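K.L.:
Sequence:
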Amino acid sequence: MDDQVYDPQALQAKWLPRWEELNTFAAVEDPADPRPRRYMLDMFPYPSGDLHMGHGEAFAIGDVVARYWFQKGYNVLHPIGWDSFGLPAENAAIKRNAHPAEWTYANIDTQARSFKQYATSFDWSRRLHTSDPEYYRWNQWLFLRFYERGLAYRKDGLVNWCPKDQTVLANEQVINGRCERCQSEVVRRKLTQWYFKITEYADRLLDDMKQLEGKWPERVLTMQRNWIGRSTGADVQFKIEGREEPVTVFTTRPDTLYGATFFVVAPDSPLADEIVAPDRREALARYKAEVAKLSDIERLSTEKEKTGVFLGVYAINPVNGERLPVWAADYVLSDYGHGAIMAVPAHDQRDLDFALKFGLPVRVVVDTGEPDPAETGIATPGEGKLINSGPLNGLSKAEAIQKMIEILTENGTGKAAVNYRLRDWLVSRQRYWGTPIPIIHCPSCGEVPVPDDQLPVTLPDLRGEALAPKGVSPLASAEEWVNVDCPKCGGPAKRDTDTMDTFVDSSWYFLRYCDPDYEDGPFNVEKVRTWCPVDQYVGGVEHAVLHLLYSRFFTKVLYDMGLVDFTEPFQRLLNQGQVINQGKAMSKSLGNGVDLGEQIEKYGVDAVRLTMVFAGPPEDDIDWADVSPAASQKFLARALRVMTEAGAASAPGVDFSKGDVALRKVTHRVIDEVTKLVEAYRFNVAVARMMELTTAIRRAIDSGPGAADPAVREAAETLAIMLSLVAPYTAEEGWERLGHKPSVAKAGWPEADPQLLVQESVTCVVQVGGKLRDRLTVPPDISEAELERLALASEKVQRYLSGAPRKVIIRAPKLINIVP
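One gets the numbering used here by counting positions in the sequence shown from 1 and adding 29 to each.
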């Protein structure tokens with residue numbers, strides 16, 4: 030290719046096959062390898078077509094980290110695989126009258142080619158697909174181990190049902206009352222389903238976040254804490270007239286028990302049906318039909334007008350013996366708490382809204398100094414002294430809570446308790462393209478696990494219309510597959526026809542990467558101990574309470590099983606933003622979609638990668654309308670030109686110390702700053718420093734010591750190594766033109782010489798009222814007091830001051846702002 034023409038397509042055609050031959054990024058398993066190990070992991074993609082703009086950003090960011098580690102001399106594991114089970118493939122197969130595997134594996138092959146073209150530093154020998162029987166066999170094995178430990182169980186209950194996808198959803202997969210995948214409104218249905226007992230690990234999931242503080246984004250930790258929702262209070266037992274067993278209510282405010290004026294149960298709970306008076310059954314049935322149309326989000330909304338029905342029975346308040354009317358109301362959910370609450374309208378807004386709507390009493394028991402809620406319609410949930418509360422009168426909230434728990438415990442009517450928002454993870458799905466649940470249902474023996482030596486239970490060959498959603502799993506129609514002999518008694522039995530939530534696949538895949546061909550277990554325990562936990566994870570924040578929570582749960586179970594020696598799977602987490610266009614998410618209907626392949630064809634891989642990284646901090650959204658891959662391409666052309674000229678003017682191996690000192694200082698300052706910036710995830714600023722170095726080299730060639738100066742070669746080689754993080758094709762070509770053999774990816778990260786970082790003086794900008802008034806040349810270690818003295822003594826500054834300044838803001842040694 031012409032050295033003076035920047036041709037990204039020619040660079041890609043030249044270097045891609047050579048990189049494949051070199052196998053540069055294979056992780057080394059040799060225990061004698063002295064290099065420290067690092068595990069870099071990207072959230073693996075779903076094969077729903079070719080790579081899109083979101084992939085372009087996420088994998089460019091992850092690749093910066095991995096390539097930096099390679100340059101720093103680490104033995105790096107950077108694997109790739111595909112999360113290849115799921116509904117999109119099944120829906121595509123129904124539409125095409127085909128098998129989901131055909132669509133899935135064709136897309137995987139397309140994405141694999143695109144990833145290679147995108148120059149991602151993957152160890153391709155680690156490749157895995159979760160829809161391979163060799164992988165999902167171990168989903169089934171793990172399910173059975175969970176089952177043996179009581180962590181996998183089946184029960185009847187109200188579930189979230191997606192009417193479009195015809196399958197149940199876990200609570201975490203319902204966003205604002207809609208299916209997180211297809212956006213359909215979710216309804217509630219009563220079904221028998223499989224669950225993982227994640228609630229048993231609620232405390233550990235919360236407490237172990239201490240290990241992640243400062244290493245994971247705080248908003249992700251906050252989202253998980255809120256989702257788990259641990260709250261302390263008391264379980265209080267209320268007698269229901271006509272019912273022998275008391276009903277337990279959890280409350281965070283047992284101090285307000287004397288303020289309870291009515292009792293509320295979830296209309297769709299078994300308790301409502303059990304206790305309703307005969308003459309109120311019809312009213313309850315009508316009300317339940319109305320409630321069934323609402324999502325949990327709608328039911329809990331504070332904006333929604335309160336509705337309910339009196340059940341014709343009374344509960345007895347255990348502290349004062351008062352009879353409280355029992356109502357069914359939709360703002361109480363059957364699967365949260367115990368499905369029943371004591372209503373204290375003076376101090377809870379939803380209870381107050383309900384009381385005012387239905388004319389129920391409002392009794393203030395905490396004097397907060399605020400007006401009477403019955404008159405204002407505004408509840409007073411805050412701090413204050415207890416009143417109208419017998420033995421609690423005069424106590425503070427904290428004192429009253431403790432005192433009431435003591436009273437309840439002594440009387441046998443309650444005790445201290447902890448409650449959680451988190452519910453067990455619903456893992457069964459009524460669709461085909463997933464891992465079959467390895468349980469056989471026998472009329473005589475009940476639930477019988479499939480023996481380990483009969484795993485994997487593979488999917489039967491269904492395709493096209495046979496996969497169409499029918500409200501039950503398509504597997505139910507595969508009679509030869511369903512009907513089997515019971516492994517325990519040998520009698521006729523049936524396989525479970527549900528498949529597992531695909532989040533099961535992704536909860537442990539990172540462990541399989543350590544030895545993807547291992548046949549004696551889900552993962553090679555020794556190799557996992559060598560590589561894990563993952564040092565750096567990169568992926569979208571949309572998985573904060575889905576994949577990330579589930580992976581943490583799986584890791585803790587595996588730790589308890591003795592299979593891993595760590596309790597948190599991902600030491601560091603980096604979330605990337607979205608790639609949007611014209612201020613909005615890309616959409617065909619909006620006409621603002623941008624095709625990654627077209628951008629690469631037009632500008633080249635390096636320009637697109639550089640644009641993604643340079644656009645802003647990784648966690649910020651990138652608006653493609655505001656960035657310029659054309660400008661990135663021009664910069665890369667300039668960078669390649671200076672590397673070419675430096676390579677033509679001198680040979681490798683020159684003594685850099687004999688080079689121009691001014692340029693060497695720039696180079697070593699850039700080395701120092703880029704190193705710190707990359708380690709702080711400030712990749713965009715690191716790119717800006719590379720651009721500054723390119724400009725400095727150009728200036729040195731044109732009007733300084735010239736291209737043959739050793740400092741020019743040092744700067745050009747430094748530029749090639751740094752550019753390899755974001756523009757690997759350009760960097761590799763520049764490295765070759767500088768006279769080196771490939772690959773620049775393992776050239777070794779340069780180290781800054783401390784002596785060249787010493788600044789004899791710096792320029793301090795002096796502002797008065799925010800406007801530039803003078804520049805001072807000062808020592809870099811000048812004190813704030815001395816800097817203020819020099820600035821105030823400046824004649825240029827004195828012209829704009831009429832007396833002592835009101836305030837002096839000092840950012841030594843480079844800035845001082847005087848407020849007159």
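Because the hints were derived from the structure by calculation, they are not lab data. Where hints are given, some of them may not hold.
[Said to hold, decoys possible] Simulated restraints on C-beta separations:
#: 1; residue 1: Arg156; residue 2: Asp481; range: 24 to 34 Å
#: 2; residue 1: Glu49; residue 2: Pro472; range: 54 to 64 Å
#: 3; residue 1: Pro46; residue 2: Lys775; range: 10 to 20 Å
#: 4; residue 1: Asp624; residue 2: Ala127; range: 21 to 31 Å
#: 5; residue 1: Thr806; residue 2: Leu619; range: 36 to 46 Å
#: 6; residue 1: Asp138; residue 2: Ala654; range: 55 to 65 Å
#: 7; residue 1: Ser154; residue 2: Gln240; range: 55 to 65 Å
#: 8; residue 1: Ala445; residue 2: Arg156; range: 28 to 38 Å
#: 9; residue 1: Pro681; residue 2: Glu627; range: 35 to 45 Å
#: 10; residue 1: Ser831; residue 2: Gly735; range: 30 to 40 Å
#: 11; residue 1: Lys843; residue 2: Pro681; range: 49 to 59 Å
#: 12; residue 1: Ser686; residue 2: Ser732; range: 48 to 58 Å
#: 13; residue 1: Glu476; residue 2: Met590; range: 19 to 29 Å
#: 14; residue 1: Lys775; residue 2: Glu509; range: 32 to 42 Å
None of these values were measured; they are calculated from a predicted model. Idealized CB from N, CA, C, for every residue including glycine.
K.L.:
For each hint, tell me whether it holds in the structure or not.
P.N.:
Here is what the structure says about each hint:
| no. | hint | in the structure |
| --- | --- | --- |
| 1 | Arg156 - Asp481: 24 to 34 Å | holds (26 Å) |
| 2 | Glu49 - Pro472: 54 to 64 Å | holds (57 Å) |
| 3 | Pro46 - Lys775: 10 to 20 Å | holds (18 Å) |
| 4 | Asp624 - Ala127: 21 to 31 Å | holds (25 Å) |
| 5 | Thr806 - Leu619: 36 to 46 Å | violated (54 Å) |
| 6 | Asp138 - Ala654: 55 to 65 Å | violated (32 Å) |
| 7 | Ser154 - Gln240: 55 to 65 Å | violated (31 Å) |
| 8 | Ala445 - Arg156: 28 to 38 Å | violated (52 Å) |
| 9 | Pro681 - Glu627: 35 to 45 Å | holds (39 Å) |
| 10 | Ser831 - Gly735: 30 to 40 Å | violated (53 Å) |
| 11 | Lys843 - Pro681: 49 to 59 Å | violated (37 Å) |
| 12 | Ser686 - Ser732: 48 to 58 Å | violated (23 Å) |
| 13 | Glu476 - Met590: 19 to 29 Å | holds (21 Å) |
| 14 | Lys775 - Glu509: 32 to 42 Å | violated (54 Å) |
The structure does not agree with the numbered hints 5, 6, 7, 8, 10, 11, 12, 14 stated previously, though it agrees with the rest.
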